[in-house]
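A.B. asks: Next come the chains, spelled out residue by residue.
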Amino acid sequence: MPANLFPAPVEIFRFLPEIILALGGTLIMVLEALTGDRQPKNALGHVSLAALFAALVAAVAVHGSPGPAFSSMLLVDGFATFFRVVVIAVGILTVFSSYRYLSREGANTGEYYALVLFSVAGQGVMVTANELIMIFIGLEISSIATYVMAGLLRDDARANESALKYFLLGSFATAFLLYGIAFLYGATGTTNLTAIRETVLRADGPSPLLLGLAAALMLVGFGFKISSAPFQMWAPDVYQGAPTPVTAFMSAGPKAAAFAIFLRVFVTIFEPIGDRWEPIIWVFALASMTIGNFAALTQSNVKRMLAYSSIAHAGYVLVALCARSDIGTAAAMFYLAAYALMNVGAFAVVAYICGKGEKYVGIDDLAGLGSRRPAVAAALTIFLCSLIGVPLTGGFFGKFYIFKAALESKLIWLTVLGLLNSAVAAYYYLRMLVVMYMREPGEATENLEPLPAGLRTALFTSAAGVLLLGIFPSRILEFAVQSAKLFGR
Amino acid sequence: MQGVPLSWYLILSAILFALGVAGFLFRRSIITVFMSIELMLNAVNLSFVAFSYQFKQVDGHLFTFFVMVVAAAEAAVGLAIILTVFRNRATLNIDEINSLKY
Chain Y
3 MPANLFPAPV EIFRFLPEII LALGGTLIMV LEALTGDRQP KNALGHVSLA ALFAALVAAV
63 AVHGSPGPAF SSMLLVDGFA TFFRVVVIAV GILTVFSSYR YLSREGANTG EYYALVLFSV
123 AGQGVMVTAN ELIMIFIGLE ISSIATYVMA GLLRDDARAN ESALKYFLLG SFATAFLLYG
183 IAFLYGATGT TNLTAIRETV LRADGPSPLL LGLAAALMLV GFGFKISSAP FQMWAPDVYQ
243 GAPTPVTAFM SAGPKAAAFA IFLRVFVTIF EPIGDRWEPI IWVFALASMT IGNFAALTQS
303 NVKRMLAYSS IAHAGYVLVA LCARSDIGTA AAMFYLAAYA LMNVGAFAVV AYICGKGEKY
363 VGIDDLAGLG SRRPAVAAAL TIFLCSLIGV PLTGGFFGKF YIFKAALESK LIWLTVLGLL
423 NSAVAAYYYL RMLVVMYMRE PGEATENLEP LPAGLRTALF TSAAGVLLLG IFPSRILEFA
483 VQSAKLFGR
Chain C
2 MQGVPLSWYL ILSAILFALG VAGFLFRRSI ITVFMSIELM LNAVNLSFVA FSYQFKQVDG
62 HLFTFFVMVV AAAEAAVGLA IILTVFRNRA TLNIDEINSL KY
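So the protein lines, in turn, are chains Y and C.
Mapping the first sequence onto my numbering, position 426 (from 1) lands on 428, and the numbers just tick up by one.
Mapping the second sequence onto my numbering, position 80 (from 1) lands on 81, and the numbers just tick up by one.
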């Protein structure tokens with residue numbers, strides 16, 4: 003088959019965003035070696051931004067020629083494009099909010115920007131994967147780069163601890179996922195998702211035992227990666243200890259990509275045994291929402307509180323998965339996009355306030371932000387309102403579509419309990435708003451530096467995105483609904 | 002298939018995987034915990050090879066190569082992280098690495 007030996011140009015084109023990111027990352031590493039230690043490394047950050055923007059353009063352009071690539075290893079469809087754009091956008095916002103933080107900590111090095119690019123490239127592979135091998139490779143490219151990013155501040159004991167926990171729990175989860183993949187291969191005799199789907203649907207399909215075992219093991223692996231209860235225990239420690247821009251990144255990008263493959267695998271190939279896993283996801287969703295929200299109530303550290311809140315948000319997305327419908331998938335996609343923007347934005351504010359060595363990360367340190375830096379406070383207000391689910395923000399429509407999908411699938415109790423949970427969540431987000439606007443400025447807000455340009459861009463872009471999703475949700479949602487239908491079915 | 006039946010391989014692989022999980026959960030040295038993860042990955046490799054042999058395909062074999070490469074990359078990063086932890090704290094006991102609040 004010499005004709006198949008070399009991929010057609012269109013197939014390479016379909017992989018273009020990841021190629022750009024990987025080449026960009028490599029280029030930065032070479033430039034890093036050439037520039038020497040004394041040089042300021044912001045220029046390397048600009049290179050990574052250029053690569054990310056080029057990848058963004060490529061991802062949108064590639065949408066024009068959907069289809070499989072490389073012997074159906076990858077599949078570019080609307081679903082893939084949607085998540086590609088989300089993870090690349092998260093990468094861009096992360097780089098913008100990293101400049102000042104890194105130079106303050108004396109860690110403004112080229113490898114950080116290279117790692118962001120590699121991690122985003124891995125996530126791009128994940129969301130386009132149509133093959134179990136690609137899922138695994140993409141997940142690991144993304145995870146390994148993120149482990150290093152979490153431990154970037156080598157001399158900071160908390161960051162080390164965070165990286166260690168992230169690494170150990172992440173690898174543990176990967177092993178479970180891999181064991182599930184092995185059983186899926188054993189049950190069906192193939193690793194291609196399309197072929198697996200065909201095998202599963204045949205009357206003389208695979209043994210339900212092996213298939214169920216594969217689903218259970220993969221569920222454990224994905225559960226860890228999306229930090230859903232009962233596999234959430236690593237998230238608060240890791241999010242608290244990691245450098246704040248890295249926390250912003252890993253709470254949004256890798257999580258969205260993990261959800262993307264979670265949805266793709268469970269909604270396509272495990273759909274025939276959906277009645278078996280639906281009750282489990284039901285419990286996971288409720289447990290994530292409840293544990294996340296109630297634990298967040300008592301936190302005094304903003305990063306830790308946002309970590310618990312991100313566990314709760316994973317629970318909301320699981321509600322959408324539980325609905326097992328196209329509209330549920332679309333709602334999950336919309337929610338993940340909104341969640342990525344509002345979470346990165348909220349962490350960017352923390353990155354601005356925290357000061358050298360992350361001294362000011364308590365909720366009380368926000369005191370007086372409203373009078374000292376009204377623009378930053380306004381942006382944070384938008385993010386918090388969106389996290390609560392106030393109308394006119396992306397978070398509101400995300401929640402609305404998720405619970406609508408859940409109701410249409412007759413998940414009455416889950417909807418009721420989920421809405422009650424949202425009410426609990428409002429308390430701890432509103433507490434931040436109260437501290438920010440009603441209290442006199444404290445030590446942290448008195449001595450704030452002027453808002454650096456990079457952070458300003460990150461904050462206002464994500465705030466604008468959150469509002470855009472909240473005021474004109476229909477176009478994005480329509481795209482999500484169409485993509486959810488394509489979905490290999 | 003003559004000789005050893007597939008189920009034996011799968012049982013052995015399950016035992017190795019369970020040993021890895023137990024080691025991960027109950028051992029206190031970070032290095033041993035890390036080795037337990039490697040044991041889990043190799044247990045999975047055994048399953049892949051067994052299934053692959055059963056199907057008379059190479060897909061499973063290929064998968065094990067990818068797993069080995071990734072495990073090597075993970076080991077490089079993981080040992081570096083463990084080294085920085087040791088330099089900052091002079092301990093490798095996982096119970097003493099608890100400075101982040103619970």
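Treat the hints as calculated values from the structure; they're not laboratory data.
Even for Gly, the Cβ is constructed at its ideal location relative to N, Cα and C.
One or more hints might be untrue.
Using 20 Å as the maximum straight-line C-alpha spacing, the simulated SDA-like pairs for lysine to any residue come out as follows [unchecked claim]: (1) Lys358(Y) <-> Leu450(Y); (2) Lys57(C) <-> Ile135(Y); (3) Lys361(Y) <-> Ile12(C); (4) Lys358(Y) <-> Lys57(C); (5) Lys57(C) <-> Gly207(Y); (6) Lys57(C) <-> Leu450(Y); (7) Lys412(Y) <-> Asn89(C); (8) Lys57(C) <-> Ala197(Y); (9) Lys57(C) <-> Ser209(Y); (10) Lys57(C) <-> Ile139(Y); (11) Lys57(C) <-> Lys487(Y); (12) Lys361(Y) <-> Asn99(C); (13) Lys358(Y) <-> Leu101(C); (14) Lys361(Y) <-> Lys57(C); (15) Lys487(Y) <-> Glu410(Y); (16) Lys57(C) <-> Pro274(Y).
The following label-pair restraints were derived from C-beta to C-beta distances [stated by the list, open to error]: (17) Met36(C) <-> Ala425(Y): 43 to 53 Å; (18) Met235(Y) <-> Leu7(C): 42 to 52 Å; (19) Ala205(Y) <-> Ser8(C): 42 to 52 Å; (20) Phe87(C) <-> Val32(Y): 38 to 48 Å; (21) Ile282(Y) <-> Ala23(C): 57 to 67 Å; (22) Ala205(Y) <-> Leu84(C): 47 to 57 Å; (23) Arg433(Y) <-> Leu84(C): 21 to 31 Å; (24) Leu93(C) <-> Ala218(Y): 55 to 65 Å; (25) Ala23(C) <-> Ala218(Y): 40 to 50 Å; (26) Ser8(C) <-> Lys361(Y): 55 to 65 Å; (27) Lys487(Y) <-> Ala77(C): 22 to 32 Å; (28) Arg433(Y) <-> Val59(C): 55 to 65 Å; (29) Ser30(C) <-> Ile473(Y): 24 to 34 Å.
A.B. asks: Against each hint, give a clear statement of whether it holds in the structure.
C.D. replies: These are the hints, each one checked on the structure:
{"no.": "1", "hint": "Lys358(Y) <-> Leu450(Y)", "result": "holds (11 Å)"}
{"no.": "2", "hint": "Lys57(C) <-> Ile135(Y)", "result": "holds (18 Å)"}
{"no.": "3", "hint": "Lys361(Y) <-> Ile12(C)", "result": "violated (52 Å)"}
{"no.": "4", "hint": "Lys358(Y) <-> Lys57(C)", "result": "violated (59 Å)"}
{"no.": "5", "hint": "Lys57(C) <-> Gly207(Y)", "result": "holds (19 Å)"}
{"no.": "6", "hint": "Lys57(C) <-> Leu450(Y)", "result": "violated (66 Å)"}
{"no.": "7", "hint": "Lys412(Y) <-> Asn89(C)", "result": "violated (53 Å)"}
{"no.": "8", "hint": "Lys57(C) <-> Ala197(Y)", "result": "holds (17 Å)"}
{"no.": "9", "hint": "Lys57(C) <-> Ser209(Y)", "result": "holds (19 Å)"}
{"no.": "10", "hint": "Lys57(C) <-> Ile139(Y)", "result": "violated (24 Å)"}
{"no.": "11", "hint": "Lys57(C) <-> Lys487(Y)", "result": "violated (36 Å)"}
{"no.": "12", "hint": "Lys361(Y) <-> Asn99(C)", "result": "holds (19 Å)"}
{"no.": "13", "hint": "Lys358(Y) <-> Leu101(C)", "result": "holds (18 Å)"}
{"no.": "14", "hint": "Lys361(Y) <-> Lys57(C)", "result": "violated (60 Å)"}
{"no.": "15", "hint": "Lys487(Y) <-> Glu410(Y)", "result": "holds (17 Å)"}
{"no.": "16", "hint": "Lys57(C) <-> Pro274(Y)", "result": "violated (27 Å)"}
{"no.": "17", "hint": "Met36(C) <-> Ala425(Y): 43 to 53 Å", "result": "holds (46 Å)"}
{"no.": "18", "hint": "Met235(Y) <-> Leu7(C): 42 to 52 Å", "result": "violated (36 Å)"}
{"no.": "19", "hint": "Ala205(Y) <-> Ser8(C): 42 to 52 Å", "result": "violated (25 Å)"}
{"no.": "20", "hint": "Phe87(C) <-> Val32(Y): 38 to 48 Å", "result": "violated (31 Å)"}
{"no.": "21", "hint": "Ile282(Y) <-> Ala23(C): 57 to 67 Å", "result": "violated (23 Å)"}
{"no.": "22", "hint": "Ala205(Y) <-> Leu84(C): 47 to 57 Å", "result": "holds (55 Å)"}
{"no.": "23", "hint": "Arg433(Y) <-> Leu84(C): 21 to 31 Å", "result": "violated (40 Å)"}
{"no.": "24", "hint": "Leu93(C) <-> Ala218(Y): 55 to 65 Å", "result": "violated (33 Å)"}
{"no.": "25", "hint": "Ala23(C) <-> Ala218(Y): 40 to 50 Å", "result": "violated (18 Å)"}
{"no.": "26", "hint": "Ser8(C) <-> Lys361(Y): 55 to 65 Å", "result": "holds (59 Å)"}
{"no.": "27", "hint": "Lys487(Y) <-> Ala77(C): 22 to 32 Å", "result": "violated (42 Å)"}
{"no.": "28", "hint": "Arg433(Y) <-> Val59(C): 55 to 65 Å", "result": "holds (58 Å)"}
{"no.": "29", "hint": "Ser30(C) <-> Ile473(Y): 24 to 34 Å", "result": "violated (54 Å)"}
Hints 3, 4, 6, 7, 10, 11, 14, 16, 18, 19, 20, 21, 23, 24, 25, 27, 29, counting from the list given before, are not met by this structure.
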